[in-house]
Amino acid sequence: MFNRKMCGVVALLSIGVTTARAAIVLQDNFNRSGPLNGSTPTITPGGAWTAHPGFATDGARVNASFSLFEFLVSAYVPMPVTITSGNVYTLSATTYRGQSTDNTAIMIFGFFDATPSWNGSAVVDEGHAIAIAPRNNQSAVNRILNGFIGTDIFVADGTNGVTFGVRLYETTPNNWVAVAVELAPTNLVISSPPTPISIANIHAIGMISGSLLPPYIDNFTLDVSPATSCSCPGDMSGDGFIDGLDIQQFTTCMISGGSCTCAEMDGASGLTLADVTAFVEDLLNAATCP
Numbered sequence: 025m026f027n028r029k030m031c032g033v034v035a036l037l038s039i040g041v042t043t044a045r046a047a048i049v050l051q052d053n054f055n056r057s058g059p060l061n062g063s064t065p066t067i068t069p070g071g072a073w074t075a076h077p078g079f080a081t082d083g084a085r086v087n088a089s090f091s092l093f094e095f096l097v098s099a100y101v102p103m104p105v106t107i108t109s110g111n112v113y114t115l116s117a118t119t120y121r122g123q124s125t126d127n128t129a130i131m132i133f134g135f136f137d138a139t140p141s142w143n144g145s146a147v148v149d150e151g152h153a154i155a156i157a158p159r160n161n162q163s164a165v166n167r168i169l170n171g172f173i174g175t176d177i178f179v180a181d182g183t184n185g186v187t188f189g190v191r192l193y194e195t196t197p198n199n200w201v202a203v204a205v206e207l208a209p210t211n212l213v214i215s216s217p218p219t220p221i222s223i224a225n226i227h228a229i230g231m232i233s234g235s236l237l238p239p240y241i242d243n244f245t246l247d248v249s250p251a252t253s254c255s256c257p258g259d260m261s262g263d264g265f266i267d268g269l270d271i272q273q274f275t276t277c278m279i280s281g282g283s284c285t286c287a288e289m290d291g292a293s294g295l296t297l298a299d300v301t302a303f304v305e306d307l308l309n310a311a312t313c314p
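The opening residue of the sequence shown carries number 25 in my numbering; numbering runs sequentially from there.
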């Protein structure tokens, strides 16, 4: 029999892999053919794409190609909502292998300032980018969560047909961080720890090409959901105790996601083996809640 533990009342704000009651505020599945510039996303509260002529749609996705001297170019739409405290913002897209034979080719997508740009240096969009860049069918995603080119993140599912995203949330009111997430086929945070960010210069969402023939992009989506809190991490059943009644739901969260805020045992966004270790220790040691 597992020890039971009374829960405290101090709330731990923790945004898990799956967020609650997410509402899509912008989505483009690119089911039209022609230049991306001037076209309107499939679901949008207003605003059309501003895009370099190299960005085009083929009826199913963005199929971009550029010349040798003008591939560091952008496509973007105005930020459709104002970022406000108490919400979680996830921008995602499905990536596919493009025409390039270079597996390191990238398409950067994320949150940018009003006129996204990049000159190929380590600084992206004048340091305002909060973005990621999946590689062309290589099992790696480059992180640019703080405006600077970072290190690659290994992703077990590769990048061909996989949906990745950038998630913005608060650790405390008005203190924002970002993480990179894989939303399909798995549902997990792929960057850790969360990266502190500034939202002051976020005015657009979009893409910046990093290659002559970058990966294809589809299902470009921005969703917003309310932040949730958990008064006692590990108390999955909400009965005021951490015991055997919580094991099944915790296990489900680790495997397939769901209502998982209270599974965030270590206080970091995303479910990892560290959360499993902390959960088992709490079950066995009857530790005291904060």
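For the record, the hints were derived by calculation from the structure and aren't laboratory data.
Note that the Cβ used here is the ideal one computed from N, Cα and C, for glycine as well.
Keep in mind that the hints are not guaranteed to be accurate.
The calculated label-pair distances, taken between Cβ atoms and stated as ranges, are [stated by the list, open to error]: (1) THR275 - HIS227: 16 to 22 Å; (2) THR128 - GLY268: 46 to 52 Å; (3) GLY58 - THR108: 33 to 39 Å; (4) ALA298 - GLU150: 34 to 40 Å; (5) THR106 - VAL304: 38 to 44 Å; (6) THR275 - ALA46: 45 to 51 Å; (7) ALA47 - SER89: 33 to 39 Å; (8) GLY268 - VAL147: 48 to 54 Å; (9) THR139 - ASP181: 30 to 36 Å; (10) THR125 - ALA46: 35 to 41 Å; (11) ALA224 - ALA47: 31 to 37 Å.
Exercise for the section: Any hints from earlier that this structure breaks? Give me their numbers in increasing order, please. Expected result: Numbers 1, 6, 11 - these are the hints that the structure violates, sorted from lowest upward.
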